[in-house]
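Engineer: Listed below, chain by chain, are the residues.
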Amino acid sequence: MYTDKVMDHFSNPRNVGEIENANGVGEVGNASCGDIMKIYLKVEDNVIQDVKFKTFGCGAAIATSSMVTEMAIGKTIDEALVLTNQTVAEALDGLPPAKMHCSNLAADALHEAIKNYKEQNA
Amino acid sequence: MKKIYLDNNATMPVKPEVLEALLPFYREQFGNPSSLHWAGRMVSGAVEKAREQVAALINCSPAEIVFLSCGSEGDNFAIKGTADALKDKGNHIITTSVEHPAVLETCEFLEKNGYDVTYLKVDKDGMLNLADLEAAITDKTILISVMWANNETGNIYPIEEIGQIAKKHQVRFHTDAVQAVGKIPVDVQKANVDLAVISGHKIGAPKGVGAIYIRRGTRLTRLMHGGHQERNRRAGTHNVAGIVGMGVACELARQNLEKNYTYVRKLRDKLESGIKELVPEIKLNGHPNPDLRLPNTLNISFAHIEGEALLLHFDLKGIAASSGSACTSGSLEPSHVMGAMCVEVILAHSSTRFSLGTDNTEEDIDFVLQELPPIVQRLREMSPLYNRDEPTPLSCDECRIIRRI
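In the order they appear, the protein sequences are chains C and H. Offset between the first sequence (1-based) and the working numbering: plus 297. Offset between the second sequence (1-based) and the working numbering: plus 1471.
Calculated directly from the structure, the hints in this document are not laboratory data. Watch out, some of these pointers could steer you wrong.
Ranges between beta-carbon positions, derived for each pair [claimed, not checked]:
(1) C:E315 - H:D1603: 46 to 52 Å
(2) H:N1858 - C:V344: 29 to 35 Å
(3) C:S308 - H:S1505: 49 to 55 Å
(4) H:D1603 - C:S308: 43 to 49 Å
(5) H:S1744 - C:E317: 38 to 44 Å
(6) H:L1490 - C:H398: 52 to 58 Å
Note that beta-carbon positions come from the ideal geometry of N, C-alpha and C, so glycine has one too.
Let the hints inform the model, and build the full structure from the sequences given.
Structural biologist: Quick look at the structure:
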């Protein structure tokens, strides 16, 4: 049901954890759907230096979280804002249709974290 | 990789004795038992022998057994067949909120067609209040449908007592006995059941065969039209090989019932006490008294993590189990059984069912107890709910919108 890339990111998730002194934190999702994603950012000179995540959720939720951290690191915040849940799913060679709503929120979590960063640095 | 199968409530392998017994019915004994000629005659006796074997397991007369394609067909037949046959008597059905979808969705279908259905609540242990059941009976009640044992929690319902209530009020009583048969004694006479449904593949017969017990004299409108098979109660050419297999599986279940109960119960208890000892922050789903659960079933929630992720990690280690999480149920909500028991939504998402079989060994359980704690811990370390101070976001407007459509 899952692609090899999803299973790779699920079983060896990249960038799990929290960033101490993160300057942007975003959380999306809720427990009734079964997925909550939290993204921590370290931004310097408008460039995302580090991203970490914590996720409660299914295989797709964990894999998309891991993938979005890889995709975001090194990007400017404007570049990172172009990432969508769709592009994250595509980078994983697709997700099962049923997973597109609940478990594909990683880009939203990233955007929330960027929003939080902008608010802090406004 | 070692493969450990702990999902026997979903299905189980065909038993070797069963396979051996049924294969000739795909080869030289290929006839249609309804045919008059030598090929038909060659197999009709086999179908009748299987009927006797099924009847012996649940203590009824062979003439009261009708072969079907599966358990779901049986539940549809029992409920729709009763609703139609007794429509002049009433339009009220009593069932429970924890039934298999084959019962629940059939009742929901009937609700759209003028029937009233009472869905009895269960308590936090998943058990029924029989006073509620009795109080729900009206002069319009035509059927009580309560499962013998629950597929997710393994809870065993007091079928004999419900049978007494049904008898007292002269209401027909149907039980989905799919999970109970072969695991615990099922005696339809003693329990005063009018209709009981069993499935072949849950007891070591192939998929695609089931049976319903219809107490003599019970009027039931046919579900399948088109032929005179099964004394005009179920049309369709007999699945001869499947029926033969089901007969042998019932025979084996009858002979080994006590031995198998003791064996799987010991393994299940070992798994249960092992998990309780090794993993903090867990919740047993189902009745805390193991005597009131099927001997093979254990349902546990692991706080702060989600069930599908857990199952995928188990699968990577060769362990097959199942989950009540929304992600594995194919809907947007976790298991209706967990919901009916008022299990907190996060815990419902991680409810994990281990259903053992006689093929499992002590080593299997040792392996699971070795692999499970680090998997749970790893997912907890990854979860934003673990050691969380701020409140957990609980609801989702988007899900509600989707559900409404």
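Engineer: Which hints from the list above does the structure break, by number from lowest to highest?
Structural biologist: 6
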